[in-house]
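2 protein chains.
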Amino acid sequence: MRTRVSCAWLAIIPALLWHMPAWPRSPAEIIAAASPAEWRRLDPDNGLLLDLAGHSVIIELAPRFAPLHVANIKRLAHEHFYDGLAVVRVQDNYVTQWGDPDADDPAKARSLGGAAPHLPAEFWIHAKGLPIDRLPDPDGWAPLTGFVDGFPVAVDQAHDRAWITHCYGIVGAGRSSAIDSSTGAELYAIIGQSPRGLDRNITVVGRVLRGMEFLAALPRGTGMMGFYQEPQQRTIITSVRLLADLPEAQRPTLELLRTESATWRALVAERRNFSNDFFVTKANFTNVCNVAVPVRVATPRS
Amino acid sequence: MRTRVSCAWLAIIPALLWHMPAWPRSPAEIIAAASPAEWRRLDPDNGLLLDLAGHSVIIELAPRFAPLHVANIKRLAHEHFYDGLAVVRVQDNYVTQWGDPDADDPAKARSLGGAAPHLPAEFWIHAKGLPIDRLPDPDGWAPLTGFVDGFPVAVDQAHDRAWITHCYGIVGAGRSSAIDSSTGAELYAIIGQSPRGLDRNITVVGRVLRGMEFLAALPRGTGMMGFYQEPQQRTIITSVRLLADLPEAQRPTLELLRTESATWRALVAERRNFSNDFFVTKANFTNVCNVAVPVRVATPRS
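Protein chains in written order, with the working numbering: chain A, -9 to 292; chain B, -9 to 292.
Hints are computed from structural coordinates only; laboratory data are not their basis. Hints are not guaranteed to be accurate.
You can't tell identical chains apart in this list, so a pair holds if it fits in one copy or across any two.
Unchecked claim - Straight-line alpha carbon distances no greater than 25 Å define the calculated SDA-like cross-link-like pairs of lysine to any residue that follow:
| no. | residue 1 | residue 2 |
| --- | --- | --- |
| 1 | Lys272 | Pro128 |
| 2 | Lys272 | Asp150 |
| 3 | Lys64 | Val283 |
| 4 | Lys272 | Asp129 |
| 5 | Lys272 | Ala148 |
| 6 | Lys272 | Arg124 |
| 7 | Lys118 | Tyr84 |
The structure presented is a predicted model; accordingly, all values stated were derived computationally and were not measured.
Hey, can you work out the whole structure from these sequences and the hints?
Here you go:
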């Protein structure tokens, strides 16, 4: 005979749900679920705000990796050195570069003021003791990769060296052939496939947090190495300011996801194997230039 | 007593030069020294000429990897399907995409004419017997990489699969969630860090040989996934023609370096360890998206 099925079994549903794997979540859903403690505020003492013809670009500086260059750049910004200079070079699939168009002409070059005219190269730092949030996959360009202070980093433990990798949006200090010829007066951002061959050959000073969609879409220069051939092709730098030098009300307040967080690890896992149904083949792999640390406008503090 | 030194020792100089390592040569010098036989002409039957608002873009199609999509694209070009359509999407560090802005509206969508409205996915081909010019370094994303017909390719020998890798300038056929929803009517080019996670998830149909400096510098769309929000933001496609459909005098004639050539191997070696003195740290590594096959305007045939 048939009996009415008891509903007591419903009591186990919460336990079942608890033990079921989570539904796949999109990167946006993973980020939205991050706790407030998993975000950090951009330190105004390490944030640069560039105004280029009305477009804002925000850069986070990397004092741990290039302390002397970063100090010089802060000094240059503080003294308004960059104001009125220009984007001088845009080479497709490589770099957008800005600085003093007359830098090579001693008669016309702008004075660096109180900033150092010469600095040692800062191509790498010691790796020992560095708090690295490691990526799981091999890199090819370096024995180990991960993130430090939100920056993509490669590490050669055997030689005790760590350096920021030339990924999309990374900012470096232009130099001539002498390795100690960069000062931070001339800067570039990577706008294409990561040119990792530059790693440990040039001093990296930071990363663009906002404004790549402008820097990467500038008209390419038609001269050698993408330099503009006519002055009128250059985009003028209206101003460059350290956020700490601005009145607090004028500072853009950004937050970055901490790479020591569980949310970051979930994002890296998602990038290795996209859960989106569009991806029928899962790569089961990613690399240090194919994952980017999320940045958001800070929510007001109450 | 002093005697006059004999000059007979000079006779050994040619032998010394012969056994000395070659002077490091720049990539431009390596390419300039290539023999005529190391170059191949772009086959007009696999070349597409796009005119976008007066800018020329030249694409080489990849019939070995996507025969059905390539045949469809040729048919669409032959019937002038693309003329008057537009660049509809530019997502920073990802893709520039063009096609019919009304494709999703059956009432307004342009007819595909004699082209197939449905095609199977062509995500990979069989690897067995494929003439691959291998790269020496490991890849991470795939067991083996190299070049086939001038295209960057990854290979999984265990599963007998080979596919074109999503490097800068690679052209693919946009699709919706169904894997067989691409026809070649909607195309995209990669404009940033190579999104290798797309490999084997979408049908790749070719590579941009000329015009990336225009496609990659278009204003980024501000809508979801970089779609333009206003029709007037779109760049109009004046025309798309198969080179073979053009009168011979109107065909741009390009040449590509053969990847089975000694010159190509020398270029790869140079990319792995730049001989330029600027590079004080040699990577001793490169990958399939960090080397690009040289393209030049063909010298007139006498």
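Verification of the hints:
1. Lys272 <-> Pro128: both (17 Å within a copy, 19 Å between copies)
2. Lys272 <-> Asp150: between (34 Å within a copy, 17 Å between copies)
3. Lys64 <-> Val283: Intra 24 Å, inter 41 Å, cutoff 25 Å: intra-copy only.
4. Lys272 <-> Asp129: Intra 18 Å, inter 16 Å, cutoff 25 Å: intra and inter.
5. Lys272 <-> Ala148: Only across copies: Lys272 and Ala148 sit 16 Å apart there, 33 Å inside one copy, limit 25 Å.
6. Lys272 <-> Arg124: Cα proximity of Lys272 and Arg124: in one copy and across copies (21 Å, 24 Å).
7. Lys118 <-> Tyr84: This pair counts as neither: shortest intra-copy Cα distance 31 Å, inter-copy 35 Å.
Checked against the numbered hints given earlier, the structure breaks only hint 7 and satisfies all the rest.
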